[in-house]
Amino acid sequence: MPTVRAFFAKVGAGFAKENATTLEPGASARFNRIGGRSRQALFARYMVGRTAIKETLCYPADVVIEFVSYPLAFMGYFFFVLAMAAHGGAIGGDAAGASVSALITYFSIAWMLRMIVDQGVDGDVAAEVQSGDVALALVRPLPLAGFFFARFVGLGLARLVYYGVPAWLLLMLLFGDEIRVEPARLIWFLPYAVIAFRMAFEIQFAIGLVSFFTFVNQQVSWSFDMLVRLASGLIVPLSLFPPVVALWLEALPFQYIYYRPIQVLLEPATPSALLSGLAIGAAWTLALHLANRGVLALALRRHVIYGS
Amino acid sequence: MRALALLPVFLALHLKVMLQYRADFVMGAVGQVIYTLLSVAFIGAVMMPGAALDGWRFWDVMFLLGFGDVAFGLSAVFFFRVFLSFESAYIIQGRLDQLLLQPLAVLPALILRNIDLNHLAVVIKGVVVVAVAAHMLDLAWSAARVAEFVLLAASAAAIYGGLYIGFVSLGFWFRRRASLARPVLSLNYLTQYPLTIYPGPVQALLTFVLPLGLATFYPAQSFLGIAATNGVAEVAPWMMPLLALAVAAFGAGVFHLGLRRYVSSGT
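Taken in order, these protein sequences are the chains called A and B.
Numbering follows my numbering, with no gaps: position 122 of the first sequence is 122.
Numbering follows my numbering, with no gaps: position 174 of the second sequence is 174.
It should be emphasised that the hints constitute simulated quantities derived from the structure, not laboratory data.
Treat the hints with care, as some may be off.
To be verified - If you only want the chain A side, here are some residues facing chain B, beta carbon under 10 Å, derived:
id, residue
1, Ile65
2, Val68
3, Ser69
4, Ala73
5, Phe79
6, Leu103
7, Thr214
8, Phe215
9, Asn217
10, Gln218
11, Asp225
12, Leu227
13, Val236
14, Leu240
15, Val245
Virtual Cβ for every residue (Gly too), placed ideally from N, Cα, C.
Kindly produce the complete structure, drawing on both the sequences and the hints.
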């Protein structure tokens, strides 16, 4: 039975052979056209993802620093919820109906997802635009979005192993009594998580594209990240907002990054409801992808790079 | 003194740069508003109406949040860019060489070059939150109270600044690509809630080891007249400027110790 490694080695050999004969001026355009349909492109994406993982591991201190940063950032929420429960006997405010356990479990999963998908693609795209390196990116035999998504997948895997799982263990150690997940619901959670992953990429990439138009997008990135945190249910589950606000937020796609996947784990639902939720999430992701393609095409038409 | 004389010149310079990217500033300000809404939404969602955490009611917590924003924003204007990029840009890429050649002390030159006026949005937002919280708490403002608030906020900002400089200076000893800024910045998130919600070791860490909590929690507690509970100390307002001077001096001391070890990367 062929292994994944052997499969990619075979694909790679094909890529190298064709690359040697066809990558002349203009070939990259042709390569872009066949994009995700070709095995060469698949291999190129695999190599980009692999390189991203290796880059991460080149700096072990960075991994430790990044890992430590996240729990410190979100511990406040846990202690605040626990303190309110300890003082009032129950959670108050809009969360009166929610149990401490449900809130702690919600925040645990939300922040674990955040550690995987919060990769700063927007900043990376902006850096390429600002430095002019986007010119080099555009001559790669891989579409710009494809290149960044391949990196996103590679880094996502690395983050799952080096941040997500250890963070989960840490949270279990600290709040294990309060974290309750039904393993059977993981079957539905996984496809929702895949959609969350892709949607998070599309949103970060979209913000990165803003730099083609404004050059500097640091504050735009930060502001939009705040909006996403608010509208995706990362900080407050959407069900705890006032009904009117919740209604508005549920009409937006961001809920599919954190709120929906976590609800799948926490709340019982019928298969048809789960399937329709999945379909809507996928449709939103596709719409974002198509919008990004359109905006990128528009950006590249008007973008000027001053070579030196 | 020379650095102080140059401060208005650099402020004008950075203002011009900021005005080149007005949309970015406006978006940053919008982001600050959303961030505040997030914090209010979370605390409002979880905190029972009329409930108090060791004497801290909803609007007391909001006041703490606003005070923290004022202090953090003030420090961020002068130190945050250094905090984020010092190790990679100045030590690994060697940009510190330029500063060593300039006719101004290295640390002031570093700070002046990296002023970021975008963070004024945080200060403004903090002032608004404090004003609303103070109104809801029926706090009476007088000239003396305003002066006390300004002094406490400036002291807290100096404590943040001293800590940031101390932390980035570790880059002279431990070279790496990522800044130690992120964990310290993350710790800062913990200080937007009353320290009493945390276990003893965390309270001690945020008070004595990395005094981010010392900078905001204790002054706010004192300003609001909330009685200390559960063995939490009270810090008199007059002590804050002294503590700020000590932390700032510590940060500058570590920086100058590290500077002696600096070896240019030659790039």
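ask   = Can you list which hints this structure breaks, lowest number first?
value = Violated hints: none; all satisfied.
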